[in-house]
Amino acid sequence: MTREQKIQKFLMGLCLNAGDSMEDIAKHLGVSSNSAEIKEILHYMEQKGFIKNTRVEYKRTKTSLTKKGDKQASSLLEIAN
1 MTREQKIQKF LMGLCLNAGD SMEDIAKHLG VSSNSAEIKE ILHYMEQKGF
51 IKNTRVEYKR TKTSLTKKGD KQASSLLEIA N
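For the sequence shown, the residue numbers in the working numbering are 1 to 81.
Because the hints were derived from the structure by calculation, they are not lab data.
Check before you lean on any hint, since a few could be wrong.
[As the list claims (entries may be wrong)] Dumping the calculated EDC-like pairs for lysine to aspartate or glutamate here, alpha-carbon to alpha-carbon at most 16 Å:
#1 LYS52 - GLU40
#2 LYS6 - GLU46
#3 LYS48 - ASP24
#4 LYS48 - ASP70
#5 LYS71 - GLU46
#6 LYS6 - GLU37
#7 LYS67 - GLU46
Predicted model only: the values in this text are computed from it and were never measured.
When you get a sec, could you build the whole thing from the sequences and use the hints?
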């Protein structure tokens, strides 16, 4: 799976509340990634303005979609249908 595909899956997972953390979303949506890759993806999504309020707790990374991120995720979900 490419990095872009992983980013898209994480965006859709956040929109669908597929998990309590990025690690949960990866598990539920079958995204193979380690903590370093999740950190990279989060940095990219923050720079694009898709997420906000990112916080790292014990072995869990939580974040929230911005309006821009929600719009992008919704668009991806429409395409998937």
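Going through the hints against the structure:
A threshold of 16 Å between alpha carbons decides the hint, and for LYS52 with GLU40 the separation of about 15 Å falls inside it, so the pair holds. With a CA separation close to 15 Å, the supplied pair LYS6 and GLU46 stays within the 16 Å bound. Distance restraint check for LYS48 and ASP24: the Cα-Cα separation of roughly 22 Å exceeds the 16 Å cut-off, and the hinted pair is therefore not satisfied. A distance of roughly 12 Å separates the Cα atoms of LYS48 and ASP70; the hinted pair therefore holds under the 16 Å criterion.
For the suggested pair LYS71 and GLU46, the alpha carbons sit about 15 Å apart, so the restraint of at most 16 Å is met. Distance check on the hinted pair: LYS6 and GLU37 sit about 10 Å apart at the alpha-carbon level, within 16 Å; holds. Restraint check for LYS67 and GLU46: satisfied, since their Cα atoms lie roughly 12 Å apart, inside the 16 Å limit.
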